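K.L.:
First to last, the sequence lines map onto chains C and W.
Counting from 3, one number per residue, gives the positions in the first sequence under the working numbering.
Counting from 153, one number per residue, gives the positions in the second sequence under the working numbering.
Calculated from the structure, these hints are not laboratory results.
Some hints could be false.
[Unchecked claim] With a straight-line cut-off of 20 Å between C-alpha atoms, the simulated SDA-like cross-links for lysine to any residue are: (1) K98/C x L409/W; (2) K83/C x Q316/W; (3) K274/W x E415/W; (4) K419/W x K83/C; (5) K424/W x K162/W; (6) K419/W x D71/C; (7) K98/C x N405/W; (8) K5/C x F426/W; (9) K98/C x F390/W; (10) K162/W x K300/W; (11) K424/W x K83/C.
[Said to hold, decoys possible] Covered, in the sense of this in silico footprint (three residues per stretch, anywhere, with C-beta under 8 Å from a C-beta of chain C), are these stretches of chain W: (12) 369-383; (13) 391-403; (14) 409-420.
[Unchecked claim] A short, non-exhaustive set of chain C residues, derived as facing chain W with CB atoms under 7 Å: (15) N90; (16) L93; (17) K98; (18) Y100; (19) I102.
These numbers were taken from a predicted model, which means no experiment stands behind them.
A virtual CB, placed ideally from N, CA and C, is assigned to each residue, including glycine.
Each chain is listed here by its residues.
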Amino acid sequence: MQKIPLSSVTSDMILARDIFRGNMPVGMPVCNKGTQLTDDLIKRLENLDILSVYVEGCPVQEEGNNSLDIHLRELDGRFIKTFREPLNAILYNTYKAYLIRSMGGNSGRQTE
Amino acid sequence: MADKRSDLKKSIMDTKTLPTLPSVIRKLNSLSDNEKSSVQEMAKIVSSDQVLSARILRLANSPSYGFYRVSTITNAMILLGVNVVKSLAIASSIFAAMEKDNVCLWEHSLGVGVAANLIARKLGLPECEEIATAGLLHDIGKVIIRIKCSTAENDILGLIHTRQIYTLEAEREVIDTDHAEVGAWLSKSWFLPEKLGEPIAFHHDVAKSENYRTKTAVVHIADVLIKASGFGNSGDNFVPPIQQIAWDTLQLNEQLLAELVEEIEDKLIEVKTFCLEMMSD
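This is chain C alone, in the form it adopts within the complex (with noise of 0.2 Å):
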């Protein structure tokens, strides 16, 4: 799952998230996850002021390196001093797993 502005959008993707209007989890639901987005839809969304969206997988590949390597990165330096921890090693690699499943896995590399 990833999440990108509306202006890199393309035809093809799809919704990883439910769309609601105003971009408020209360707001009125506008499109369903799972929905495969078409030119029209994307206008459509443009209409309404929709500024972001989370598609599937990881299509759009974020400048300088992989986004999910930084991810790690950081999760790394925020564990420096206590993934020797048994408690805090469990979660570590919870947060690991969850980064590399919700990031598309494979270092970015989505299997179709």
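Assemble chain W onto chain C, guided by the hints.
P.N.:
This is chain W only, laid out in the frame that chain C set:
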């Protein structure tokens, strides 16, 4: 060193020098001690202060509680309980100072509030709203240190940066006390209920919490989880060690932890939106 500590303690226990505690809260305190007073009566008192009511409602609608449609103070009191509304009244007065110029700490606090609520619900604990409030307020001592001794705060941040130590260690070195203790003084001087005061005082040392250890343990774990997720910033960037006693008290295991991480990360996206909205107001 000891002088600094007692000076600080004195100035915190002396409520007059603290950011103004609205007179409404004093009235509310005396009413909530009286068992005969009704929710309507208390709501009426709070509603008489419009700015305060707006602030309370905004927090009551924050993702920490997950109701989103609390539109009146009476509703808030029924849904969240009088204790929570009282604490929100106090918190909102303090947070008002923090919202604009320390966004990172504000995000961290909201995140811990959300995480504490999710943990409490997952484990089926009673009084989820109170636990969420304790999470929201757990670092209130940091705000007070910032307000009371801003030069010391700079020294503390400097120490964290140069020596790469925990905020807690830096605070003890500079002001001979720490934000947990300051928070405890504050909750005493403002008559916060013990079930909120204890988690604030002992979220870094769960073993010392005797009467409300479960609540303290939840706030401790919530704090660690939010530090691990890197959401917001509470001073240093290091995940503190998970205390075995908290883990055992809540009977956590790897499976539960994995589910919690997933749920919390999901909810944090909402928190981010909520923070951005608050900033833009």
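K.L.:
Determine for every hint whether it applies to the structure shown.
P.N.:
Going down the list of hints, with the structure as the test:
Restraint check for K98/C and L409/W: satisfied, since their Cα atoms lie roughly 13 Å apart, inside the 20 Å limit. Our distance criterion of 20 Å between C-alpha atoms is met by K83/C and Q316/W, whose separation comes to about 10 Å. A hinted pair counts as satisfied when its Cα atoms are at most 20 Å apart, and K274/W with E415/W qualifies at roughly 10 Å. Taking the CA atoms of K419/W and K83/C, the gap is about 27 Å. The hint is violated against a cut of 20 Å.
Straight-line distance between C-alpha atoms of K424/W and K162/W comes to about 37 Å, which puts the hinted pair past the 20 Å bound. Restraint check: the Cα-Cα separation between K419/W and D71/C comes to about 23 Å, which exceeds 20 Å; the hinted pair is violated. Distance hint between K98/C and N405/W is fulfilled; the C-alpha atoms sit about 17 Å from each other, no more than 20 Å. Of the pairs offered as hints, the one joining K5/C and F426/W holds, with about 17 Å between alpha carbons and a cut-off of 20 Å not exceeded.
The straight-line distance between the Cα atoms of K98/C and F390/W is roughly 16 Å, inside the 20 Å bound, and the hint therefore holds. For the proposed pair K162/W and K300/W, the alpha carbon gap of about 11 Å is at most 20 Å, so the pair holds. A distance of roughly 27 Å separates the Cα atoms of K424/W and K83/C; the hinted pair therefore is violated under the 20 Å criterion. With 6 residues having a beta carbon nearer than 8 Å to a beta carbon of chain C, the region 369-383 of chain W meets the requirement of three or more and the stated coverage holds.
For the region 391-403 of chain W, the assignment as covered by chain C holds, since 6 residues bring a beta-carbon within under 8 Å of that chain's beta-carbons and 3 suffice. Requiring three or more residues with a Cβ within less than 8 Å of a Cβ of chain C, the coverage given for the region 409-420 of chain W holds, as 5 such residues are present. Checking N90/C against chain W: minimum C-beta separation of about 6 Å stays under 7 Å; hint holds. Of the supplied interface hints, the one on L93/C holds, with its beta-carbon coming within about 6 Å of a beta-carbon of chain W, less than 7 Å.
Because the smallest distance between the Cβ of K98/C and any Cβ of chain W comes to about 10 Å, over 7 Å, the interface hint for this residue is violated. Interface hint status for Y100/C: upheld, as the beta-carbon distance to the closest one in chain W is roughly 5 Å, under 7 Å. Using the Cβ-Cβ criterion of 7 Å, the hint placing I102/C at the interface with chain W is not satisfied: the shortest such distance is roughly 12 Å.
Checked against the numbered hints given earlier, this structure breaks hints 4, 5, 6, 11, 17, 19; the rest are met.
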